[in-house]
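Q: Here the structure of chain A is known, so what remains is to put chain B in place on it, guided by the hints.
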Amino acid sequence: MAEIRIENLEKQFGGFAAVRGTSFTIADGEFFCLLGPSGCGKTTTLRMIAGLELPTSGSIRLGGEDVTFRRARERDIAMVFQLFALYPHMNVRNNIAFPLVSMGMPKAEIKRRVEDAARILRIDHLIDRPVSGLSSGDRQRVALGRAIVREPKAFLMDEPLGALDAEFRHIMCGELRALHDRLKATTVFVTHDQLEAMSMADKIAVMNRGVVEQLGTPQEIYDRPASMFVADFIGSPAMNFIRFDARLPAGASRIRIDGAEIGVPVLREDADGSALVLGVRPEQVTLTTEGGLRGEVFGAEYLGTTQVVTIVTAHGMVKARIPAAVRVERAEPVGLSFRADRLSLFNAATGRAIRTALYEQPARGGRHG
Amino acid sequence: MTGLVSAHSVVDPSPQVKRIAAFVVIGYALITLVPLLWIVMTGFKSPSDAIAYPPKIVAEPTVEGYCNLFTTRTRQAPEYMAKLPPAAGMCDRISRERNMVIAGPSNYIPRYVNSLVIAFGSTALSIVLGTLAAYAFSRFKVPLKDDLLFFILSTRMMPPIAVAIPIYLMYRELGLSDTKLGMILLYTSVNISLAVWLLKGFMDEIPREYEEAAMVDGYTRLQAFFKVVLPQATTGIVATAIFCLIFAWNEYAFAVLLTSGTAQTAPPFIPIIIGEGGQDWPAVAAGTTLFLIPIVVFTVVLRKHLLRGITFGAVRK
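Read top to bottom, the protein sequences are chains A and B.
Letter 333 of the first sequence, counting from 1, is numbered 333 in this note's numbering, and no numbers are missing.
Letter 31 of the second sequence, counting from 1, is numbered 31 in this note's numbering, and no numbers are missing.
Here chain A stands alone, though its shape is the one from the complex (with noise of 0.2 Å):
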């Protein structure tokens, strides 16, 4: 096992940049998490480190080690595929066994191997079985057991849930989770799905248009975004933003939207750019008959133990997350408090978060150039 440090990596694929200088280091033994949307260079960066793309600049380094332009079959990495790229034409034991062979591994010992990969994944009764047949739970786990069985410095892995249905992926992502807590193996998992990488992540990246927006735990990215991107594309239903204009200086703690007062976390620097954005998560808001920011009901989803209640303001539409018991009606008029230690503030312009008492460092990774 070991750490991946990746330093201002970038790939142009003829005049297009796929990854724009990302920086980043993934400790030994971490589920390290590589999130954003399609087209965002989270499977370029995957494809890099594995040794299937060769960066336009920037360095890989492996347990110390700089890899950079190493061949894939030198690196020592597992990769897991989105479509698992079982082959056809093996049955289950010589998949498994394949990196293994290439290795030159004496055959009692690619045996032995293979047959506890196939334990652990709880495969071993497939065993002797063409992948053809297999479900796509079970040939998940081939795919696993391919890469776990040589014990590399590291597991790669492509969207490997993406072509399972819903109700057994979140099983995997359990089994997935479990495997990484039992093995302790540096594992890269690239994903477009937010709750996937908040499930299982010790840290996450999440990266738009070539580069690492906001890198952290997923509380961190959860509570403290540092960009309206991030803030968008993590949590469901997504965080309210609500525009206004105010020249804030560092210090201050209360805005002022429509004559509403309402406070926010200690600003740490000035808020020079007049237009701004408060960032409110949905289940920080709370309806209440006075309320500062004052709206009517438009329609409620309801999610069994909560419901998720849209509100037209004069700002926009605001979803508020609150409790099922709740009755409300519709079009009845309502007034909106938020959570003042909990909030976000933007400048509109950059997108970026500006510091407060709640979210203190600099944006890391952030746009470079």
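Any given hint could be a false lead.
[To be verified] In the DSSO-like style, the derived pairs of lysine-lysine whose C-alpha atoms are separated by at most 30 Å in a straight line are:
| id | chain 1 | residue 1 | chain 2 | residue 2 |
| --- | --- | --- | --- | --- |
| 1 | A | K107 | B | K304 |
| 2 | A | K111 | B | K18 |
| 3 | B | K227 | B | K18 |
[As the list claims (entries may be wrong)] If the Cβ cut is set under 8 Å, some of the chain B residues that face chain A in the computed set are:
| id | residue |
| --- | --- |
| 4 | L169 |
| 5 | E173 |
| 6 | L176 |
| 7 | Y210 |
| 8 | D217 |
| 9 | Y219 |
| 10 | V228 |
| 11 | P231 |
| 12 | Q232 |
Source of the hints: derived by calculation from the structure; they are not laboratory data.
C-beta atoms are modelled at their ideal positions from N, C-alpha and C, and glycine is treated no differently.
A: The following block gives chain B in isolation, referenced to the frame of chain A:
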């Protein structure tokens, strides 16, 4: 209201449609099979029955055609015939009835062997070169890829015989006229465009992820090609091989022009089997019948691949 409650699916053809389709297919098969049947039957007729008018559908079977196919015979005077020892075999007896004596084997077997060597040789070469080229075109950034592919295809845009004279002159200079190597190279050059295009289609269908997985798993690209890509391309390779073989096996025009002796293939040889008083039709028919066998065997053995190969890519797995 039976139509509404019938159990058949809306996607499957109805029984009536199936019956009509079967009728059409069987009808077409009969039309194509009749000439073949006629050839097989003619092979077992006597020369006079073969050219009888009105045609004899049922004639007394004889193996004279096969005897004549494999032997050369000379006519002898009755006094000479009388002094000969008793006939040694069936063919000997049949030819003596016509006052002929078997002088030796005919050239049919050497010509047949030439056909086998040239057809299978050029097919193998086309497949090897075509597979490698198709893989390269499918996976790598080849400069001027589209132009090269078009250029390769353009060799098929005219009848091959259009270049017969230049090839004839070139082969004479190079000493390739009437050599098996020359014919193998010629048929390969005709087949390679078909092979590259067909195989590129098959290679494009094989996801790159398989090779990438193999390369991450510690294999070189070449090893990945042999261990992962080739096994999955088998269907395409077999289908392509059948097409190449059929062309090389049946090719007539170049064979007539460029071979006359040592490298002559069966197609130019069979039609000119001369008997007494002209074409020996039963021998020609017998030669044709035997000539069909390798292709039939090859196709029947590999038909599962052929069918899958032709429909490959029509439906995504």
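Q: Taking the hints in turn, state whether each one holds.
A: We went through each hint and held it up to the structure:
A C-alpha spacing of about 34 Å is found between K107 (chain A) and K304 (chain B), which places the hinted pair above 30 Å, so the restraint is violated. The suggested pairing of K111 (chain A) with K18 (chain B) is violated, with an alpha-carbon distance near 51 Å, which exceeds 30 Å. At roughly 42 Å between alpha-carbon atoms, K227 (chain B) and K18 (chain B) are farther apart than 30 Å, so this suggested pair is violated. A least Cβ separation of about 47 Å between L169 (chain B) and chain A goes past the 8 Å threshold, and the interface hint is therefore violated.
At its closest, the beta carbon of E173 (chain B) sits 47 Å from a beta carbon of chain A; the interface hint therefore is violated under the 8 Å criterion. Annotation: interface hint on L176 (chain B) violated; nearest CB of chain A at approximately 40 Å, more than 8 Å. Evaluation of the Y210 (chain B) hint against chain A yields a held restraint, the C-beta minimum of about 5 Å falling below 8 Å. The interface hint given for D217 (chain B) holds, since its Cβ lies 4 Å from the closest Cβ of chain A, which is under the 8 Å cut-off.
Hint on Y219 (chain B) holds. Least Cβ distance to chain A is approximately 5 Å, under the 8 Å limit. At about 6 Å, the closest approach between the beta carbon of V228 (chain B) and any beta carbon in chain A falls short of 8 Å, and the interface hint on this residue holds. Satisfaction of the interface hint for P231 (chain B) is found here, the shortest Cβ-Cβ separation to chain A being roughly 4 Å, below the 8 Å cut-off. Taking 8 Å as the C-beta cut-off, the interface hint given for Q232 (chain B) holds, the closest approach to chain A being about 6 Å.
When each numbered hint is compared with the structure, violations occur for hints 1, 2, 3, 4, 5 and 6.
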